[in-house]
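S.K.: Generate the whole structure from the sequences, applying the supplied hints.
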Amino acid sequence: MGLIWRAWMRDWRRRPLQRVLTLLGVVIAVAVVLAVDLANQSAQRAFDRSMETVAGTATHQVLGPPEGFAEALYAELRSAGQRETAPVVEGAARLEDGRSIYLLGVDPFAEGPFRGAASDIGAAPVQRLLTEPGTVLPPRQWFAEQDAADGDRIELQAAGGRHAVRVLEADGAGEDDGRVWVTDIATAQVLLGRDGRLDRIDLRLEDAEAQRAMERALEQAAGTAGVNPEELEIVESGARDQASRELARAFRINLTAMSLLALLIAAFLVYNTQTFAVLRRRELLSSLRLLGAGRGRVVAVVLLEAALVGLIGTLLGALAGIALAQALVAQVAQTVTDHFFAAAVTQVTPRPLALLAVLPVGVGVALLAALAPALEAARHAGPSGQGAGAGEARARRRANRLAVTSLGLLVAGAGVLVTGVAGLPGAFFGLFLLIAGFVLLLPRVLGWTLRGLAALSAGRSLPRIGLRSLERSLSRSGPAASALTLALAATIAVSVMVGSFRGSVEQWLGQALTSDLYVTPVAPAAARDAARLPQDWAGPLLSESGADSLSTGTTVETGSDAGRVELFVVRPHPDWLEHLPLLEVDGPRDGLADRMAAGDAVLVTEPFAAHHDLQAGDDLELAVPGGRRTFTVAGVYRDYATPQGRVMIPHGAYARDGPAPEGVGSFGLVLPPDVDPEAAVERLEAWLAQRDPAAIVTRPAELEQESMAIFDRTFAVTHLLRIITLVVAFIAILGALMALQMERAREFATLRSLGLEPRGVHGLVLLQGGVLGLFAVLAAIPAGLGMGWILIEVINRQAFGWGMDLRWPGREVAGTVAVGLVAALLASLWPAWRMARMRLLPALREVT
Amino acid sequence: MSSSSPAAVAPSQDPVLDVAALTFAYPGAPETAVLRGVNLTLAPGERVAIVGESGSGKSTLLHLAAGLERPGGGEVRLAGTSLGGLDEAGRTRLRRRVAGIVFQSFHLIPTLDARENVMLALELAGLPDDVAGRRARVAERRRRADAALAAVGLEGLGGRLPEALSGGEQQRVAIARALVHQPALILADEPTGNLDSVTGESVFSLLLEQVATHDSALLLVTHSAELAGRLDRIHTMHDGLLREG
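Those sequence lines, one after another, are chains F and B. At position 202 of the first sequence the residue is numbered 202 (my numbering), and the sequence of numbers has no breaks. Count along the second sequence starting at 1, add 1000, and that's the number in my numbering.
Keep in mind that the hints were calculated from the coordinates and are not lab data. You can take every hint at face value.
A few chain F residues that face chain B, going by a derived Cβ cut-off under 10 Å, partial list only:
{"hint": "1", "residue": "L462"}
{"hint": "2", "residue": "E471"}
{"hint": "3", "residue": "E747"}
{"hint": "4", "residue": "L754"}
{"hint": "5", "residue": "A836"}
{"hint": "6", "residue": "R837"}
{"hint": "7", "residue": "L841"}
{"hint": "8", "residue": "L844"}
Every residue gets a Cβ at the ideal spot worked out from N, C-alpha and C, and that includes glycine.
M.R.: Below is the structure:
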């Protein structure tokens, strides 16, 4: 093997550029997969840490109505002997610099086994938290970032208004969450406006018996504490953030699927460059075989080289992946934060296991992609002409067999998608089956197309030569066209999906934002739901603005027979139902307003209906003030406000038997035509400047702008993957054309000797690249639109429950078509230049 | 055959090929000269054979005469035009107008059938140039190609791809392709080298006949003294030097 290996590997020194191309394929594949994995893992860790900090090691939680329950309930439970309990008051707050934080009010004495953040107070002056009102314990990293010191005073804006607090610095080191600030119960109650009330009680229940005992104790304690036991429920800790977890997981699966697509396209690149590498050394292979080297040995030497390429590529790819992950993690974390209020994460910590796991990916891709060229190389017994011809005949037969296989894959993929087995991963699997089927069918379709075009070009010898040459070299042209098609189809599919989503969100915002002006608390989007404005601002706002109609919307969390749900309590404008994008209505639409006014019906958003398997007409039991009541789901409406979905309930229905929610999430004002909106804004701003808490007046356009910015941030990561995919496809087509031209060098030399000028050679190679590009583009358009439709109708519905109107993004598709053609032509330039300036004598003598 | 050859062309006519003090070395081995000052002149219609051992430089001389490679030194004039003053495209244009090449291994375009291979030479040369309209030109090319194939005994085989033809048939197609545009010079590099003796003899006779019919000059590179003996002049190449006889 020694001398054979040495002879084989000398090519590395002679043609370093080609090795770089092969390595690039592996590097890109490994980098993308690793980067997405690292970014996902880092965001996941931050998410888990955030959830863990908030929920701690509690197994269950006692939850009550949205406004909380009397703290006496906790005291009663403790005195009844339930010691494994800890009270919590929690909510969003805002720092002076505008950043949102999560305030967690705990009882340090009761915390003990529950929470890392609180029990890790360690040497921190616990007594000061308890004895000095208005002290909080920020995360350790905050002190370093802000250059702050123990005892500094800062201002916090929360549901209870604006308050000055003093910060305490905990000793010691350790991982802590960047957004969770701990304080004691009393301070949290003041800051969050929860005077005398708790949001939840954390429990540690070891078994069902303990749970039953707790249920009994809770009922008794509720009676003693004057709390309606019907408003209380014991839920498992994980269940509460299950929806968020599911959505974060769906987001990660989406990303992973895109990285696997990039991997698949990179595999084409490696295949092309490896084929090219084998072709280059055809003469050496023939000599080795003639000297008696067995097929096994030839296969071994090619695969060994591929393994080496895989290993080096993986190492370089790992470095590139870590760098890429740093760029991705901020995007992913921001998205998770925008939608799920998770913790900030800016650091990627490569775990040895993740790095190790990527090794089989890199080496595996290199080996798998090299297998076909290796077998092809082993078949070369003599001069290449015959071998190549026989190889192409085999390639054509293989294309026929693959076409049959592809039909099977297409049917299987469609079956998986239609039946919806295995949820989101199953949907992706179905999509991949369809993609694989389509890709395997392409070489056969390309063969037919080229044959048809060649027939059409009768009388034009040069185009005919170019087209037939592509058809005869299907093993080169097929994978190149497939790679480019796949890349373009993926780009078009993402454009369709993002374009449709964006269009639908824009349309929805236009429908949902029915007021001319909004008055909202000063808070970042993620914390806005928890922020409140005083109810009694309604009258002054109407008179100051001159509005003729005022609406309110307030988000509260409550229990239901579908678990914890988000309620959107509204006092709408009179004509609100005309603007609501209803997808389903129980009964006639005309009677909907009356049913809603009667107080026994609610509306649910599309994602909510999807997550909880609800339809119009179904019943939903909700914990509202005064106890649990059953409501009819009168309709399902389109809403992109929260991926978890929510229930819209009229204010009157919500507060029929109990208190209304404290405060208002936002006010909406409809101005009569004769009121100048700008003047109204000025008056309102002047009035608000004198008020506390801070609030701002926003126009629908501004809200729309902010929402679209969040939207664009969410999908920014797809642009990056799209670019990588196109670069890979470009290199793949370049490699394929190089291989093709090399195989046909003798033909080109003959044409040149017969009188074809160098520019004619340029034209011929560009024609071949152009035809491959055009074919890929034409195949990619239906494939991309189909994939886009599946992403919208199957994947997105499975992942997020969002429906959207399909929009054909003509401009994006045209752009992608142009990019594909330009990429193919650009990829043809180098082979064209090389072929045109090729020395004729060596090429003509090649086999003589 | 010799009686019909135009060997007795008036010496005052300009030579179709004029090679003077030609030198050449391959780029990878500049110190090893393949040609070391070769002189050769072919008058119109004259038939000259070059013989010599393998590696003596005879094929290289033929390729340089066709302008397929730039000489290291000296001059090659094809139909009165010096190749040295032409760029790659200029040499190509001159070659396709003046010369036709027949290779040892045929070099047919595998993706074109026999007729199309012959038509290709016409298409590249821009012939016919006196017929208006693309369809009419294509039809005329087809007619000429069929006639050329019929002249080499391949009537009715025009629709076959090279892989469906025997070696002898392929070389006949190559001869038809080389002559269809009626070049002044045919350059033939071991045209029977890949054929058995019977087929080789038949193909060679056909080549001479066609050259005579088209009144073309012929420069033939061959190992065979017998074939060379049937031409007007014989030159021997040895160590990059050419001498008559």
